[in-house]
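Student: As a plain string of letters, each chain reads:
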Amino acid sequence: MRTNPSIPMNWLFPLYLAGAAAIIAPILLHLRRRPPQDRVEFSSLLFLDAQTPVPVSKRRLENWLLLLLRCLALILLALMFSRPFVQSESTAPASPNSATLILLDRSASMRRADLWKQAVAEAEKQLKAAKLTDRIALAVFDRELTPLWSFDEDRHTPANRLNAIQTRLASLTPTWNATQLDRTLIASVPSFDSSTTSLKKRIHLISDLQEGTKLDALRTIAWPAELTLSVHRLDTATNDNLSIALAAREQEGSADTLVRLRLSNTRDSALRDFTLAWQGAPKSDAITAQIPPGASRILTAPPNSTNATTLTLTGDTHDFDNRIFIAPPQPRSVRIHFLGKDATRDEASSPLYYLARALQPTATLAPVLTADEKLPTQPTDILFIVGNAPAEGLRDYLERGGFLVTVPSDATLLKSLLQTDLAVTPDTSDDYRMLGEVQTEHPLLKPFADPKLRDFTKLRFWKHRIISDAGTPARTSGLETLATFDNGHPAILSARIGQGTLIVLASGWHPADSQLALSTKFIPLLYGWLAAAGFSHDPAATLLVGDALPLDAAQVHTITDPENKTHRLKPGETFTSSQIGLHKVQSAAHSQIFAVNLSPEEGRIFALEPSKLAEYGLKLSSASEPQNESATTDQRLTASDTEQSQHLWWWFLMGLLAVLLLETALAGRTRSALAS
Amino acid sequence: MSTATTFLDPAALMRIKSLELRAKVVVEGLWKGMHRSPHHGFSVEFSEYRAYVQGDDPRYIDWKVLARSDRTYIKKFEDETNLRCQLVIDHSKSMKYGSQSYTKADYAATLAATLASFLMKQGDAAGLTTFADGIEEHMPPRNRPGHLRRIITELERPAKAAGTSLDLSVGQLADLLRKRGMICLITDLLAPIEHLEKQLALLGAMGHDLVLFHLMDRAEIDFTFEKSAHFRDAETGAERFIDPQIARESYLKRLQAHRDTIQAATERHNVEYHFCPTDQPLEEVLFDFLSARQRKKASKRVAAA
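These protein sequence lines map, in sequence, to chains A and B.
When the count follows my numbering, it moves up by one through the first sequence with no breaks and lands on 1207 for the last residue.
When the count follows my numbering, it moves up by one through the second sequence with no breaks and lands on 659 for the last residue.
Because the hints were derived from the structure by calculation, they are not lab data.
Please note that a few of the clues may not be correct.
Pairs of lysine to aspartate or glutamate, EDC-like flavour, derived with a Cα cap of 16 Å [claimed, not checked]: (1) LYS731/A with GLU757/A; (2) LYS607/B with ASP580/A; (3) LYS581/B with ASP569/A.
Here chain A stands alone, though its shape is the one from the complex (with noise of 0.2 Å):
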């Protein structure tokens, strides 16, 4: 064992070292013994004299090596059961001095009353408090950590820090994020860098201790033994705040489908009444209801007759959490053209027939299908082509990024298309075919990854195209099947030609063809293809404060903040939102809005207990204790942990029998020569 000056050695137990002391008993018993017990047979005493005893004074110890050995297993048995341990470095400060942290909250909940006034405060007292010789850094926190100040401009300025955080903090007002203290913790241990190791490392957090905070992450990780937390928890007068959010919203959901709203009231709180209206809306529309306290509730909003974006919650006192934002809905205008005549749009025999009533508005989809018998003149999204049709025109379309769906009647349009020998012959069977193998993870047919969508065994197919090249494989010329019948033809095949998709059918989806259009994959497979051709009909995720908007990565986009601030973005840049409000968002191809809210969470301001956090292992020496107090018990619990980690009394006891044995024997063999 490496026994350095510096690292001293502790005892869990002292007391047990005044058994220590016992080892007068083995030196007392072997002076005893120096009178000698040994007796000699002599012949006759006749000519001998008694003679005193040597004197106590001068009685020597004998077996100096046995009293020795009994002397150290003693002492090593009273050093065993004072349970020894080695402090290391990191657990006994060197020097008086402090390495202190102070963590600032700046969530939305710090918004209410005079909070932030009061972390600020609190964060100033702490700085004076602090000796020059201390260590001092400030961080705040939402979300995650912003240092403001670190140990190591503390180190080369410790003089005008004062000063220099003050000016910061002064710049700081509490975001909208919501508080997530694991992580803060958790990124809070590394900034106790190498210069502070020998000093005694503390946190001060300043926060109003939410019960909505994160704390689980906390779980995840060992906190340093030698690193103590000190909470100052900031208190508002009262605590009656009701909290407002968007409950789960229907996926489907078109224009006016019914927004959701999850109300509650602070456990604490001794309001009840509340009042719940669209923004600008006439007070009659307003719902006015009552909670109580600690409950929640689901709500539906009140009608939004002036198309308002913003849901207002009155009635409590503190209203950061009082406001919903709900973008309004916009659906994307999708241009689709049928190649063939307009005329037959309500014949219930053609393809356009069920084109135009598969392709219906949705809340983010609108689609505007156009026939003609002529290309379009102005930009297309989708085209449709069933049978033949002139070829000029269409690769051109297709390589600026085009998607094409056609059904072809022969080959020559395919072959202008693809530019390879292909031919597409009638199949003459009497028979129906169905759809044997469907590629259902590839990307054009993603709707039936679904398992709920797969089934195609009821789907039959009166007539269709046998398309195969002449001579070569189909794969060759770009083309790749996405199903097959069971014959093992092509159903669906697919190119890539420039930018833009090309699908081919061999069988079309009028009931002349088969019937695709009246079975229940038509739609999906529809809306598959608009969702390849950029066209997503997925509803706008609620987004709350600190997530990254959904963008195209490809895109240049132009952000307009709830504050009018503008925000460029380069492609592959990401913006995540740091004010709650509406964000509009332009690209080339169109312009979104998006609502951003507060975090739910953040809505519950109940405060927790500080202890809450020692349950997650952190070491916490409250403010409001008596300092010395609380350290002499933090002392003694990690003196207990370090000495049951170290068990180092193991080592005490292996020794003590190690010298006992070795007792025994060194006694054996004198006790031998002595009888010998």
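On the provided structure of chain A, position chain B as indicated by the hints.
Tutor: Positioned in the frame of chain A, the structure of chain B alone reads:
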């Protein structure tokens, strides 16, 4: 001593378990040596012939000599002429002490057995008396086949443990020994000797030839102990704490005084005194004893002449 090298080391001798064999080894060695010895032919007492005079028992006429030389000689009765030697062995506890591999008692037994063996070999009678705090065993001197065997068996018997009571024992002995003879007293004399002189004088007055073998262990002579300890008296069991470093000088002084007293007493009463450290070869002791007898005899003859 040139002879010492040829003698058997007592320690080696004592390793022979059988006392009889031990005695035999010593005596045989001595006999063999004697043939080359300048003291050729000496013995304790040799039988003599004298001219037949009127009145002598004709049974004792040596008919062989008469037939050979036509002279009438009377052969002296062996019983009459031969030496009667009583070996008196101290069996006290103090004799059980021995700093070497054998005790003084072992040495005394071997010495006694050797003497008995030697004497009986040349036709003398030997008896045995053991004593401790009184006479323990008494076998009158005889020279019969098997008597040596009995003596040796007796010597081999473990001694009864008791203290030395020399004066009492010698007194009793005087009662037991009516016929004149030689008394060989083998003892360590570790007892107060105030009365010893009187007893010796008594035995001397009874016409006995007294030989005293004073046995002492080397440790007793030199007191070579190093460590202080409780010394226990083998006889009384009393313990005394002794530091040998301090006690040695006075011990040696007092021992010397003790020996001087004994020597003086023996000289006064014409007792033949042999001081025998137990590391002294037995042959040497025997040889000294025989030489002394020879000298004594010579001096007697001179005195008679």
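Student: Hint by hint, say whether it matches the structure.
Tutor: Hint by hint, here is what the structure shows:
A threshold of 16 Å between alpha carbons decides the hint, and for LYS731/A with GLU757/A the separation of about 7 Å falls inside it, so the pair holds. Taking the CA atoms of LYS607/B and ASP580/A, the gap is near 13 Å; set against the 16 Å cutoff, the hint holds. Taking the CA atoms of LYS581/B and ASP569/A, the gap is about 10 Å. The hint holds against a cut of 16 Å.
The structure fails none of the hints (numbered hints given earlier).
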